[in-house]
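These protein sequence lines map, in sequence, to chains A and B.
Under the working numbering, the first residue of the first sequence is numbered 1, with each subsequent residue one higher.
Under the working numbering, the first residue of the second sequence is numbered 1, with each subsequent residue one higher.
Careful, some of the hints might be misleading.
[Said to hold, decoys possible] Calculated cross-link-like contacts (lysine-lysine; reagent style DSS-like; alpha-carbon spacing at most 30 Å):
1. A/124 x B/170
2. B/333 x A/108
3. A/108 x B/332
4. B/16 x B/4
5. B/170 x B/315
[Unchecked claim] Heads up, incomplete: computed chain B residues facing chain A, CB under 10 Å, no partners named:
6. 52
7. 177
8. 180
9. 185
10. 186
11. 274
12. 333
13. 338
14. 343
15. 364
Hint data in this document are derived by calculation from the structure and do not stem from the laboratory.
In this text the structure is predicted, and so the values were computed from the model without any measurement.
Note that CB positions come from ideal geometry on N, CA and C, so glycine has one too.
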Amino acid sequence: MTGKYVLEYTSDTVSEPILWRLAKDFDIQVNILRASISPGQEGNLLVEFATHTEDAMTKALDWLESIGVTCTNVSKRLSWNEEACVDCGSCSGVCFSGAITMDRQEWKLVVDREKCIACGACVKACPFGCFVLDFGE
Amino acid sequence: METKKSWEEINAKIAKGTAVVITAEEAAQMSTHTGPQELAKRVDVVTTGTFGAMCSSGMFINFGHPEPPIRMEQISLDGIPVFGGIAAVDAYIGATETAGVDGKIGGAHVIEKLIRGEEVLLKATAKGTDCYPRREIETYIQKDRVNEMILLNPRNAYQNYPAATNSTHKILYTYMGTLLPSFLNVNYSTSGCLSPLLNDPYFRTIGIGSPVFLGGTVGSVAWNGTQFNTEKPRNHRGIPLSNAGTLMLVGNAKEMSPQWIRAAYYEKYGVTMYVGVGFAIPVLDEDMAYRVMVRNDEIETTLCDYGAEGHPGLKSLHYGELMSGTVEFQGKKVKTAPLSSYRRARLLAETLKQRVLGGTFPLIPPSMGLPEHSTVQGLTIKRKGTN
Numbered sequence: 001m002t003g004k005y006v007l008e009y010t011s012d013t014v015s016e017p018i019l020w021r022l023a024k025d026f027d028i029q030v031n032i033l034r035a036s037i038s039p040g041q042e043g044n045l046l047v048e049f050a051t052h053t054e055d056a057m058t059k060a061l062d063w064l065e066s067i068g069v070t071c072t073n074v075s076k077r078l079s080w081n082e083e084a085c086v087d088c089g090s091c092s093g094v095c096f097s098g099a100i101t102m103d104r105q106e107w108k109l110v111v112d113r114e115k116c117i118a119c120g121a122c123v124k125a126c127p128f129g130c131f132v133l134d135f136g137e
Numbered sequence: 001m002e003t004k005k006s007w008e009e010i011n012a013k014i015a016k017g018t019a020v021v022i023t024a025e026e027a028a029q030m031s032t033h034t035g036p037q038e039l040a041k042r043v044d045v046v047t048t049g050t051f052g053a054m055c056s057s058g059m060f061i062n063f064g065h066p067e068p069p070i071r072m073e074q075i076s077l078d079g080i081p082v083f084g085g086i087a088a089v090d091a092y093i094g095a096t097e098t099a100g101v102d103g104k105i106g107g108a109h110v111i112e113k114l115i116r117g118e119e120v121l122l123k124a125t126a127k128g129t130d131c132y133p134r135r136e137i138e139t140y141i142q143k144d145r146v147n148e149m150i151l152l153n154p155r156n157a158y159q160n161y162p163a164a165t166n167s168t169h170k171i172l173y174t175y176m177g178t179l180l181p182s183f184l185n186v187n188y189s190t191s192g193c194l195s196p197l198l199n200d201p202y203f204r205t206i207g208i209g210s211p212v213f214l215g216g217t218v219g220s221v222a223w224n225g226t227q228f229n230t231e232k233p234r235n236h237r238g239i240p241l242s243n244a245g246t247l248m249l250v251g252n253a254k255e256m257s258p259q260w261i262r263a264a265y266y267e268k269y270g271v272t273m274y275v276g277v278g279f280a281i282p283v284l285d286e287d288m289a290y291r292v293m294v295r296n297d298e299i300e301t302t303l304c305d306y307g308a309e310g311h312p313g314l315k316s317l318h319y320g321e322l323m324s325g326t327v328e329f330q331g332k333k334v335k336t337a338p339l340s341s342y343r344r345a346r347l348l349a350e351t352l353k354q355r356v357l358g359g360t361f362p363l364i365p366p367s368m369g370l371p372e373h374s375t376v377q378g379l380t381i382k383r384k385g386t387n
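Next up, chain A with everything else stripped away, as it sits in the complex (with noise of 0.2 Å):
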């Protein structure tokens, strides 16, 4: 199974090489979509995890969670204000991820978060607000 989670930490409470650790002790295949890492103050990764059982996956996200660092499902990063959308597709041009697409029978806007990649190109696109994208920012 795999995973998208924005991991975040300071460097109060975070002194281990995490990654390091989730390979070699949780059996976890990490894969860094993005990273924004101020040495000596805090961490903001975005991340996809693959692992073979939910198990695993839960271990390793109790470990990250028990040594202060805060994991969050990508998916619940974004959040498309659906009521405001008039469906005009501005978005649907720059998402790469495949979150966001076109149905072009009915010319309804598809948001898939699960796909989401929390790139943020789509919250500057959208000419109506109707993106918002928390990545600590």
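Fit chain B to the known structure of chain A by using the hints.
For chain B alone, kept in the frame of chain A given last:
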């Protein structure tokens, strides 16, 4: 014998309940199995629609006179400056006007709020005159407490518009949306076969005085729009290959709906307003039938590079390609995205169809035609008196 129908005959059929009204998209679909001759016989009216960003928009407002009266000079609504250089309590709210460094909220938001029936803070100052002694005022205005709210948009409903891409190595934020570097995406505007002025490319039925679906109510074509251009090259179908005709539209904003008037903000460009515009086109003869049957693959536009000076044209594309989601450019498949809502355009044309059938949207011939020849000039920088 060729079918010919007068405006009066079509109106009589509407009144009798025997008129056939379809949308321009349905007319385009019919073109695959029907000719203009047949369509002219079977269909009386074709409805069009578009819902997109139209920067050149604004609203006149008359606040009413307070006691003692004021000749308002500097005026703001919710902090947005509005034009007060007309009579005492008249003002014009420009859709793109903003205030402050952020500039994400502007005149369009004020217009939308007023249309929604929300209260807006009016502040005005004046020097005070013998007849208008008051020097300042601060009050909350609302739709039902002002005399008139008249939307008057100097340039709407562009007849076609170029598609945009970006050759540079950085993201461009433009009025054509976010343009990713190195030709990574293409944005286009207009609603293709539903677009009003693409269904009457030579303005045979649309002219000064024509009724228009504007923001949800019945407005009128006030004049040709600014930058009206009849001289753009056309394809075999009579469709201009880039931005050509425009309309100045006017209507009672008190009757408009936030469904069809929406404030918008384009990143690092500014505030604009989405306006719903549509026309009901009478199928007077085979020529009009031929016009309203235009399909997306027969409407071409020019792909322009917004990363280069003067936005040079790169290639010609048709709306069939643009609306498919990808176009081919330099041997690669490039993602396309619309800026205007095709879904809303469809809904608008459908709404208009019902109103025509119900007799609540009038079919009236123009009182005057739009200019037959008009070109657009640039602005030259010169010293007084030189050529």
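(request) So, residue 343 of chain B near chain A? Judge it on the closest CB pair being under 10 Å. (result) Result: holds, 4 Å to nearest chain A Cβ.
(message) Take the shortest C-beta to C-beta distance between residue 364 of chain B and chain A; is it under 10 Å?
(response) With Cβ-Cβ at 30 Å, over 10 Å, it is violated.
(message) Just to be careful, I want the Cα atoms of residue 170 of chain B and residue 315 of chain B compared with a cutoff of 30 Å; is the pair within it?
(response) holds, 22 Å
(message) Is the interface hint satisfied for residue 185 of chain B? The criterion is a beta-carbon contact with chain A at less than 10 Å.
(response) Residue 185 of chain B check passes; min Cβ-Cβ to chain A is 4 Å, inside 10 Å.
(request) Could you check if residue 180 of chain B really has its C-beta closer than 10 Å to a C-beta on chain A? (result) holds, 6 Å
(message) Need the status of pair residue 124 of chain A, residue 170 of chain B: alpha-carbon distance at most 30 Å?
(response) With a Cα-Cα distance of about 15 Å, the restraint between residue 124 of chain A and residue 170 of chain B holds, given a limit of 30 Å.
(message) Check the hint pairing residue 16 of chain B with residue 4 of chain B against an upper bound of 30 Å on the C-alpha distance.
(response) Distance ~19 Å between residue 16 of chain B and residue 4 of chain B Cα, so the pair holds.
(message) Holds or violated: the hint that residue 186 of chain B contacts chain A, with Cβ atoms closer than 10 Å.
(response) holds, 7 Å
(message) Using the nearest Cβ pair, does residue 177 of chain B come within less than 10 Å of chain A?
(response) Because about 5 Å separates residue 177 of chain B from the closest Cβ in chain A, which is inside the 10 Å limit, the hint holds.
(message) Quick check on residue 338 of chain B please, does its C-beta sit within 10 Å of some C-beta on chain A?
(response) Hint on residue 338 of chain B: holds, closest Cβ of chain A at ~5 Å, below 10 Å.
(message) Would the hint linking residue 333 of chain B and residue 108 of chain A be met if the CA-CA limit is 30 Å?
(response) holds, 22 Å
(request) Double-check residue 52 of chain B for me: the hint is only fine if its C-beta lies closer than 10 Å to a C-beta in chain A. (result) holds, 7 Å
Violated hints, in rising order: 12, 15; the structure is consistent with all others.
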